[in-house]
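Trainee: Take the sequences, apply the hints, and build the full model.
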Amino acid sequence: MTPANPGLKHLSNALATPDQLSNTSSSIDGVPTDLETSIRCAGAQLTQAAGILLHLPQDTIAQAIVIFTRFWLGADGGSLRIYSAKDVSAAALFLTAKLSFNPTSPRSILNVYNFLLSQEVSPLWFVNPRGAPREPPPSESYILTEGGYQSARLVLMRIESVILRTLSFDTHVALPHTIALTYLQTLGVTKSAVARRTVEHLNATLFSPQLLYVTHQPNALAVAAIYLAAREEEFKLVDGEWWEVFDVDREELGFLVVGMRSTEGFMRAEVEQWRNRPIPLVIDQVDAEIDRRQNMREGE
Amino acid sequence: MSAAKSRWADDDPEADALIAQRKREKEEKRRAKAEKQRQQEEASKATAEAQTRNGDSGPPKKRRRLSNDPDAPDAAEEAKSEEQKKVSSLLRFPVAEWGPCRHVDNFERLNHIEEGSYGWVSRAKDINTGEVVALKRLKLESSPDGFPVTGLREIQTLMEARHPNVVYLREVVMGTKMDDVFLVMDFFEHDLKTLLDEMREPFLPSEIKTLLLQVVGGLEFLHSQWIMHRDLKTSNLLMNNRGEIKLADFGMARYYGDPPPNLTQLVVTLWYRSPELLLGATKYGTEIDMWSIGCIFGELLTKEPLLQGKNEVDQVSKIFALTGPPNSQIWPGFRSLPNAKSLRLPSSSAPSGGGLPLLPRSRFPYLTNAGLNLLSGLLALNPVSRPTAQECLAHPYFKEDPRPKPKEMFPTFPSKAGMERRRPRHTPVAPKRGQEAPQLDFAGVFGGAQGGDSGEAGAGFALRLG
Chain A
1 MTPANPGLKH LSNALATPDQ LSNTSSSIDG VPTDLETSIR CAGAQLTQAA
51 GILLHLPQDT IAQAIVIFTR FWLGADGGSL RIYSAKDVSA AALFLTAKLS
101 FNPTSPRSIL NVYNFLLSQE VSPLWFVNPR GAPREPPPSE SYILTEGGYQ
151 SARLVLMRIE SVILRTLSFD THVALPHTIA LTYLQTLGVT KSAVARRTVE
201 HLNATLFSPQ LLYVTHQPNA LAVAAIYLAA REEEFKLVDG EWWEVFDVDR
251 EELGFLVVGM RSTEGFMRAE VEQWRNRPIP LVIDQVDAEI DRRQNMREGE
Chain B
1001 MSAAKSRWAD DDPEADALIA QRKREKEEKR RAKAEKQRQQ EEASKATAEA
1051 QTRNGDSGPP KKRRRLSNDP DAPDAAEEAK SEEQKKVSSL LRFPVAEWGP
1101 CRHVDNFERL NHIEEGSYGW VSRAKDINTG EVVALKRLKL ESSPDGFPVT
1151 GLREIQTLME ARHPNVVYLR EVVMGTKMDD VFLVMDFFEH DLKTLLDEMR
1201 EPFLPSEIKT LLLQVVGGLE FLHSQWIMHR DLKTSNLLMN NRGEIKLADF
1251 GMARYYGDPP PNLTQLVVTL WYRSPELLLG ATKYGTEIDM WSIGCIFGEL
1301 LTKEPLLQGK NEVDQVSKIF ALTGPPNSQI WPGFRSLPNA KSLRLPSSSA
1351 PSGGGLPLLP RSRFPYLTNA GLNLLSGLLA LNPVSRPTAQ ECLAHPYFKE
1401 DPRPKPKEMF PTFPSKAGME RRRPRHTPVA PKRGQEAPQL DFAGVFGGAQ
1451 GGDSGEAGAG FALRLG
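Each protein sequence line maps, in turn, to chains A and B.
Residues in the first sequence are numbered consecutively from 1, following this note's numbering.
Residues in the second sequence are numbered consecutively from 1001, following this note's numbering.
Errors might be hidden in some of the hints.
Taking lysine-lysine and the DSS-like style, the derived pairs with C-alpha atoms no more than 30 Å apart in a straight line are [unchecked claim]: (1) B:K1416 to B:K1310; (2) A:K9 to B:K1125; (3) A:K9 to B:K1139; (4) B:K1283 to A:K9; (5) A:K9 to B:K1303.
To be clear, the hints were calculated from the coordinates, so they are not data collected in a lab.
Bear in mind the structure is a predicted one, so any value in this text is a computation, not a measurement.
Mentor: If you want it as structure tokens, here you go:
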């Protein structure tokens, strides 16, 4: 067995333990697993949307989503009945941007989140199932007041500290995107559509209900995305078990390919399931949703 | 990766039972929050046990399936060894996990070591293991932007910079209040500054080489990881009694990139600050660390800080007094630096013909030619002329006699940090983040020597702010 190479730290990530995956703080607090998955996935999408509106680079956004995902795992992680997913999303993005070359101000973050979480104007399907209005609505409905800003800023700072404490200040996230580009070059892939599709898979996998970013190393994610992209674009890669060159075995590759392909179906099911009501991203809404489900069960 | 597989190999009833049992434990734990700390240790112990158990039954799924196959034991055996061979050809990544911060009460504070500009440090004992560590409390003044980015960068860069010559950050622990944050690091008996102060004679040439090689080796690693230290000085170099020296205090460190991001010029303690920073350069690189290495080299040779300026203007004049004034031949473009406009240079500075100008030999009488050549390179005014850390390590100075002294032959010294309070510092401190970068008027740098254009007696150093 080759010993782990400590020099590869910058290419690898801390991974969730099986216990952290099966025992989340939210599940201990009685949040149904499927609800937790829905909220986590919606929170990841919220982070992505906010990052785009803030003009943050995709690597910063992706790192924020990974930190957001890690936060909820394990009995020592955050519980959806104690912390609002929207606050954790905002703080994760703020924290990641702060450490990047493109820091952003609390005010920008909070303005964007206020807009995205507005039930009247939000373009996000899981916040505003009716969809963004055609006519631009009055700006009062989504502009943060000064008082609202001050109190939201305090929450942002507090949740930032909570995230840091929960993750022992380990903000390191290695991403598969640049690794994938190197692999594509190594494999001599000349078709740009393959590269584009690879990156698309890697970005979509950020929302994976299997939490692939916190269970697999970035090199494996990169290899699986390339494998899938090449198949979809009908690009013939080299013969032989090329993934082994990139230190991924067949079994892991197979698992990841299945996982990545299932993300689309999962998303469709989510949109279908939450067609009529928003996904709860605030503690009170989570409590209400759990009560609602309880009442429905008792009604039966 | 077999580790990943064993992580998933929980499909047997025993593991399910284990998980269920642990789940019950966790629920109990939530009820008895007062006992949280103790329970946490138990839980982590259980995880560790589970891991070793997994390790014992460690082989990946595939192998287990094969060995369960009763019909073909030989083939299974063969496939097993083949599988193992295959697995071993794949690179393993370090498998790290995450968990919440521990509480600072897990450490018993022994004595205070020092108070720097970025927090105070004390010697402490891990109550569970008995190990002695250094505990550094981060200064977290309430900032409108949340957790201070300097503290985050210090933790981030230290966590990434795992190298024998970089101080080892063990973990980050928290106090009861949210803004009590402590870094737990390996304890070192000395810092180089205090050691040099206490020593009667400077280090021997062979010892200087050993120390310098380690410091530059650590720095070379940092630069290869795109980290700039930005506050190298003798008080930030920690030493133990085994001849080992490590870079510490990453309060100014940060990642840089290509193209470089916007950087503050308010970095590096004055005496170790490079001329381009003093002249107000906003774009700079790892060369600023190499200048500091040159200052440290000089300090090792003479036991005294090389360039002890009283302020920025005085620092610049001390530098030029040592190196000679800049001219457009040795440093093209220095004139366009913000603070260079006011610089009036003596007209007599005739450009010397070709090559890097050497520092005056009289200042370092015992240094060999190769040593003077290295020092002159590190203290080159033009950042481009300074050697990189990598080039520095390959310099002939380290290959000529006397050779670097083996670490184990190093003398030992009584430890100030381990026993008693330090003498108060008299070195300047690193610049504070958020300060305004001063607009400096260097008109006075050569004012005294030149005369003529200023009638004022004393030709003091005018520091014009704003």
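Trainee: Take the C-alpha atoms of K9 of chain A and K1139 of chain B, compute the straight-line distance between them, and say whether it is at most 30 Å.
Mentor: holds, 28 Å
Trainee: Taken at face value, is the distance from the CA of K1310 of chain B to the CA of K1416 of chain B at most 30 Å?
Mentor: holds, 27 Å
Trainee: Assess, step by step, whether the Cα of K9 of chain A is no farther than 30 Å from the Cα of K1303 of chain B, and give holds or violated.
Mentor: violated, 38 Å
Trainee: For the pair supplied as a hint, K1283 of chain B and K9 of chain A, confirm whether the alpha-carbon distance does not exceed 30 Å.
Mentor: Holds, because 29 Å separates the two Cα atoms, which is no more than 30 Å.
Trainee: Has the given pair, K9 of chain A with K1125 of chain B, been kept, meaning a C-alpha gap of at most 30 Å?
Mentor: Cα-Cα ~28 Å, so holds.
In terms of the numbered hints stated before, the structure departs from hint 5 and from no other.
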